[in-house]
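Chemist: Work out the full structure: start from the sequences and follow the hints.
Numbering that gives the first Met the number 0 numbers the first residue of the sequence shown as 0 and each following residue consecutively.
It is worth saying that the hints were derived from the structure and are not from the lab. Check the hints yourself; a few may be wrong.
Said to hold, decoys possible - Straight-line alpha carbon distances no greater than 30 angstroms define the calculated DSBU-like cross-link-like pairs of lysine-lysine that follow:
hint, residue 1, residue 2
1, Lys47, Lys99
2, Lys47, Lys136
3, Lys103, Lys93
4, Lys136, Lys85
Said to hold, decoys possible - Beta-carbon label-pair distances, calculated as ranges:
hint, residue 1, residue 2, range
5, Glu58, Gly14, 17 to 25 angstroms
6, Pro15, Ser121, 45 to 53 angstroms
7, Lys51, Asp144, 19 to 27 angstroms
8, Glu58, Ser149, 20 to 28 angstroms
9, Asp110, Pro65, 23 to 31 angstroms
10, Lys103, Gly146, 18 to 26 angstroms
11, Leu116, Lys51, 31 to 39 angstroms
12, Glu38, Asp144, 43 to 51 angstroms
13, Val147, Lys51, 24 to 32 angstroms
14, Phe152, Lys99, 12 to 20 angstroms
15, Ala26, Gly76, 23 to 31 angstroms
Just so it is clear, CB atoms sit at the ideal spot from N, CA and C, and this is done for glycine as well.
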Amino acid sequence: MSNNLTNPILLVGVGPMAVAYSEVLKALGQSFVAISRSEASALSFTEKTGVKAISGGVENFLLQNPEDYSHAIVATGVEALAAATKILLQHGVKSILLEKPGAKNIAEIEDLHNYALGRDASIFLAYNRRFYASVLKAKEIIAADGGVLSLNFEFT
Numbered sequence: 000m001s002n003n004l005t006n007p008i009l010l011v012g013v014g015p016m017a018v019a020y021s022e023v024l025k026a027l028g029q030s031f032v033a034i035s036r037s038e039a040s041a042l043s044f045t046e047k048t049g050v051k052a053i054s055g056g057v058e059n060f061l062l063q064n065p066e067d068y069s070h071a072i073v074a075t076g077v078e079a080l081a082a083a084t085k086i087l088l089q090h091g092v093k094s095i096l097l098e099k100p101g102a103k104n105i106a107e108i109e110d111l112h113n114y115a116l117g118r119d120a121s122i123f124l125a126y127n128r129r130f131y132a133s134v135l136k137a138k139e140i141i142a143a144d145g146g147v148l149s150l151n152f153e154f155t
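Modeler: In structure tokens:
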């Protein structure tokens, strides 16, 4: 993701994963708008992150703010992932980072895939760690050092 976007990234959802994404976006210096369905969730997000979230849902937000948003992160509950993503696609968002598992079932995933193809859009199933500042720095060091020669990692 680039911090040279014309409009901020839309962060759809304000739960624990969205809080983590907000920290990554802040560390990258990337502007974003956090969108919640409920006022209570928006207030909770604001208290945790210091970033004011907007309540009312993504569709309402996009209808009231018809700017051309190019990038979004969808970090809602599983039950709303596919619907929120489809709304973004309908409003012309072309690049979407979709939190895992992406949908409730394979049929929803296939539907989103086909819907995105029809709109010349890209959906990336998220593993947000790839955008952590530490991962970006590691990639930079690896590139400067001539590439990976060996690798060791641990799962905790």
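Chemist: Each of the hints needs a verdict: does it hold here or not?
Modeler: Hint check results:
1. Lys47 <-> Lys99: With Cα atoms ~22 angstroms apart, Lys47 and Lys99 stay inside 30 angstroms; holds.
2. Lys47 <-> Lys136: holds, 26 angstroms
3. Lys103 <-> Lys93: Distance of about 22 angstroms is within 30 angstroms: holds.
4. Lys136 <-> Lys85: This hinted pair is violated, its Cα atoms lying about 33 angstroms apart.
5. Glu58 <-> Gly14: 17 to 25 angstroms: Cβ of Glu58 to Cβ of Gly14: about 18 angstroms, so the range 17 to 25 angstroms holds.
6. Pro15 <-> Ser121: 45 to 53 angstroms: violated, 25 angstroms
7. Lys51 <-> Asp144: 19 to 27 angstroms: Given range 19 to 27 angstroms: violated, Cβ gap about 41 angstroms.
8. Glu58 <-> Ser149: 20 to 28 angstroms: violated, 48 angstroms
9. Asp110 <-> Pro65: 23 to 31 angstroms: holds, 25 angstroms
10. Lys103 <-> Gly146: 18 to 26 angstroms: violated, 40 angstroms
11. Leu116 <-> Lys51: 31 to 39 angstroms: For Lys51 against Leu116, whose Cβ atoms are near 35 angstroms apart, the range 31 to 39 angstroms holds.
12. Glu38 <-> Asp144: 43 to 51 angstroms: holds, 49 angstroms
13. Val147 <-> Lys51: 24 to 32 angstroms: violated, 41 angstroms
14. Phe152 <-> Lys99: 12 to 20 angstroms: holds, 19 angstroms
15. Ala26 <-> Gly76: 23 to 31 angstroms: holds, 25 angstroms
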